[in-house]
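Colleague: Letter by letter, the chains look like this.
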Amino acid sequence: MGIIETALIYGLLGAVVAAALGLRAERAHPFYRGGQFLVWWLLWPLFAPMLLGGREAGATSAATAAATSAPSPSGGGTGLKSGLALDPRLRAAEERLLGALGCLGGVTHTLLTPEIERLRGLSGALGGLAKRLAEMDALLGSPEFDARQAAATLEDLLRRGQGDDDARVESVKNRLRNIARLQEMHRRTGEQLERALLKMEEMSSQLLLLQFAEGPEVDVVDRVREIAASVEGLSEGWLAAA
Amino acid sequence: MESIATAVTSPHPTRLADLLAGGTPPSTSPPETDGLVTGGGLLDLLLRNEGALNRLLLDGRRLTGTLQKLLGVAALGLLIHGLVVGVVAHSMVGQRVDGFVQGRPLLWMPLTFVGALIGALTICLPSFYFYTQLSGLDASFRLVTAQAVRVLAKTSVLLLGVAPFYAALALSSATGLLGDRETTVWIGFAVPFVVGLWGIAALRRSFAELVGILPITHPRRGNFLTRMVLAWGAVYSVVAPVAFWRLGEALGRVF
Numbered sequence: 001m002g003i004i005e006t007a008l009i010y011g012l013l014g015a016v017v018a019a020a021l022g023l024r025a026e027r028a029h030p031f032y033r034g035g036q037f038l039v040w041w042l043l044w045p046l047f048a049p050m051l052l053g054g055r056e057a058g059a060t061s062a063a064t065a066a067a068t069s070a071p072s073p074s075g076g077g078t079g080l081k082s083g084l085a086l087d088p089r090l091r092a093a094e095e096r097l098l099g100a101l102g103c104l105g106g107v108t109h110t111l112l113t114p115e116i117e118r119l120r121g122l123s124g125a126l127g128g129l130a131k132r133l134a135e136m137d138a139l140l141g142s143p144e145f146d147a148r149q150a151a152a153t154l155e156d157l158l159r160r161g162q163g164d165d166d167a168r169v170e171s172v173k174n175r176l177r178n179i180a181r182l183q184e185m186h187r188r189t190g191e192q193l194e195r196a197l198l199k200m201e202e203m204s205s206q207l208l209l210l211q212f213a214e215g216p217e218v219d220v221v222d223r224v225r226e227i228a229a230s231v232e233g234l235s236e237g238w239l240a241a242a
Numbered sequence: 001m002e003s004i005a006t007a008v009t010s011p012h013p014t015r016l017a018d019l020l021a022g023g024t025p026p027s028t029s030p031p032e033t034d035g036l037v038t039g040g041g042l043l044d045l046l047l048r049n050e051g052a053l054n055r056l057l058l059d060g061r062r063l064t065g066t067l068q069k070l071l072g073v074a075a076l077g078l079l080i081h082g083l084v085v086g087v088v089a090h091s092m093v094g095q096r097v098d099g100f101v102q103g104r105p106l107l108w109m110p111l112t113f114v115g116a117l118i119g120a121l122t123i124c125l126p127s128f129y130f131y132t133q134l135s136g137l138d139a140s141f142r143l144v145t146a147q148a149v150r151v152l153a154k155t156s157v158l159l160l161g162v163a164p165f166y167a168a169l170a171l172s173s174a175t176g177l178l179g180d181r182e183t184t185v186w187i188g189f190a191v192p193f194v195v196g197l198w199g200i201a202a203l204r205r206s207f208a209e210l211v212g213i214l215p216i217t218h219p220r221r222g223n224f225l226t227r228m229v230l231a232w233g234a235v236y237s238v239v240a241p242v243a244f245w246r247l248g249e250a251l252g253r254v255f
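From first to last, the protein sequence lines stand for chains A and B.
Heads up: the first sequence begins at 1 in my numbering, then just goes up one per residue.
Heads up: the second sequence begins at 1 in my numbering, then just goes up one per residue.
This is chain B alone, in the form it adopts within the complex (with noise of 0.2 Å):
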């Protein structure tokens, strides 16, 4: 009975927290993107490392510093790009273009990119979840959100790319060397959904590859991703350009 008692009264055996807090925890973030999530980190997932973004984004606990660099690097290739057709537009101050350009485009464009495809988003984000429920995929709102933000994102940073080739068409349209300033501009204003092309594609293949991951609602046929990836680029190719129009002529007004 005293050997009962000895052998029960030892120290407990290894307890649950003692074993699993046991060492120095691995970091629970996926390799690729351990210290990687900085500005410059994120450039190069955006660019190259597009599997490790999707679990980055997957990864909810940093979801919304994730969505705040992503809008940081969306913000910074629309303001460059439109810094650059501002300029060019500027020079044109004096001559309507269906009274579009007016007051200090130099000043009013930058933030009419910024503003107006980075609204443009959050009014189609209920479209965007919607669409994606109905192509039968559970992703969650939040998923939704940061998908719309990351396709804004990468066409930034493309635009950023970009960004040299169009000023080289402003300088020669300037110098009378190709075409005009007029149409330089509408350049400049299609150039970002053109660009966006890119971006709707990244977004094909990220859904392509958490179709395996999301839980389906409902099993679809055919080329269903591609179905809802186009309703997303149709919807936002119809919003963005008249929020774009709209906001133009009020901070032209303002500026």
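Okay, chain A solo, but in the shape it has when bound (with noise of 0.2 Å):
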């Protein structure tokens, strides 16, 4: 196969991969996206794996990302790789939490590491009760779960001179308690989550603050296991809930 041929199919391929990514991509300026489009197709073999694995695939989390502040002489490792948390706000409050560990050297670094491990089960279990509150939510919204149908059913039904003993009267009560039995659940996971999201971003701040921190070292050190401290009993409590 001669130059001419190599370069068409090259040039084929390139386009191929070009549009692909241009159809990804955000929008952009006409002129801007002409020059990428043109850099494309030059180098696709460098871009067509970014076609691999779909838009979110290859982001890592966040543990990951401040885990890369503590290399392993050794060259071995733990081999890893946390989960990520449904949503985007839990994950953000986890990457900004492992981040701000990163961000800490020394030995205040080395006395979290431990706490690294347990953030990254508490991640689990936090999208573990992210999960729960969206079964319960999609539950919430379904027939069966319609307060305001149950309570139209019951209405209905004493209306019409049925009594408290009434079987069908007695399976729309029970109804009703399931459907409050489930929105107390939602209610409470809800704020455990909540609570949670809160905490990771105060711990967050604090963690951040100690870069910050004058003094003698000691002091520093002090704080550092106070916050690891803290990490572990949360844990605990999420991960004993989920």
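If you are wondering where the hints come from, they were derived from the structure by calculation, not from laboratory data.
Glycine residues also receive a C-beta, built at the ideal position from the N, C-alpha and C atoms.
Just so you know, not all the hints are guaranteed correct.
Each computed SDA-like pair below joins lysine to any residue, with the alpha-carbon atoms no more than 20 Å apart [unchecked claim]:
1) B:Lys69 <-> A:Lys173
2) A:Lys173 <-> A:Arg148
3) B:Lys69 <-> A:Pro45
If we take Cβ atoms under 10 Å as the criterion, some of the chain A residues that face chain B in the derived model are [to be verified]:
4) Gly34
5) Gln36
6) Val39
7) Pro49
Fit chain to chain and form the complex, with the hints in mind.
Modeller: Written out as structure tokens, the structure reads:
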């Protein structure tokens, strides 16, 4: 195959890859987009891997990002990859917290290294909580858990003169009780999740502040230990709840 | 019964979407790179903040844009170095150096440096991925690509720093103070590969950080990271000069 044929095939493949990337890319000025298209077309072997795995694929959690500041001298690794929380705000809070941990160096980072593992477990638990909340949300939106419809049915039965001992009234009341229970569980789970989010944000700010801590290192170390203890306490509580 | 009905028909407690979408979501990008992925910011990351660059490369959502910027930096450094070498070679037009210096080196030398070194990178990518997998690290192909381009970008940035020294050497050889122009041109060809050793060292440091994050497909003992990085360097060092030579010859005939 001569140079012309090779160039033709290269150009065709490049056009395909460039078009695919162009479809995925965000809107941009046509001039800029044209330049990008040219680069993608000419250097498509470098950009073709970006098409693999979908838009979000390859995004690793902040746990991995923060842990890049703790190199392993032996070259061996645990191979752990922490799971991503289901929603952006949880993920962002986790990223911020682990990023804040990663910003610390020296003794303070060494002290908090075990907490990174705990936080990975915590993120998994919080992800589970978020998933439960989403499932409860979905249930509460379903016809079986439609409180208004159940209440209307009960009202209708009572208006028609059915008494409390009527099986239909009893059934609707039980249904209303179940709906109330689910709503209460939903409220408590939501509160737990919100507390976790806010606590993670609070810990991030504390850790970031430590970078500027003045005074003897023993004081910084004591404060780090306090934060580590609160992480431990929180993670134990939430892991038990999840 | 009415109280039950009333209680359950009160407005839904916080729904997931409301709870978790509340407030301005904090930026999901690594703090150090917020707003820093411009050309200047990338130079800073390449030179001084490799940890933040690692995190940036791990962010798949921004990888295409980051890769474009890294390629831009790589091309710029190679272009400038090629220009300097081209000026020296241009002064030798008419003197055949193993049939290599011909045409208008001022025009084709920069293109050759950029085209050959980036082209060699694309040729070697599958090998890089293969060696990474052999070393036990389950890095995605896109991460391997990003790391390879990162090495070239780092090398290019260092070449920008070396360019004034090389220019001084070229001036010295032009005036006959130090060596001859032919040797200077050959030194210009070799400089990217020597400077590339620092890029390779940066690659090793980067993978040393990523080892604790990437999945391990099979455990390895000893200094497997160094061996992996040396394998990267070896295969590229074999392919790139050949690509450089062939492209230089072809473009020398055209220009």
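Colleague: Work down the list of hints and note, for each, if the structure agrees.
Modeller: Verification of the hints:
1. B:Lys69 <-> A:Lys173: 64 Å, violated
2. A:Lys173 <-> A:Arg148: Measuring from Cα to Cα gives roughly 12 Å; hence the hint holds.
3. B:Lys69 <-> A:Pro45: Within the cut-off at roughly 16 Å; holds.
4. Gly34: At about 14 Å, which exceeds the 10 Å cut-off, the nearest Cβ of chain B leaves the hint on Gly34 of chain A violated.
5. Gln36: Holds: closest Cβ of chain B sits about 7 Å from Gln36 of chain A, inside 10 Å.
6. Val39: Holds - the Cβ of Val39 of chain A comes within 10 Å of chain B, reaching about 6 Å at its closest.
7. Pro49: 4 Å, holds
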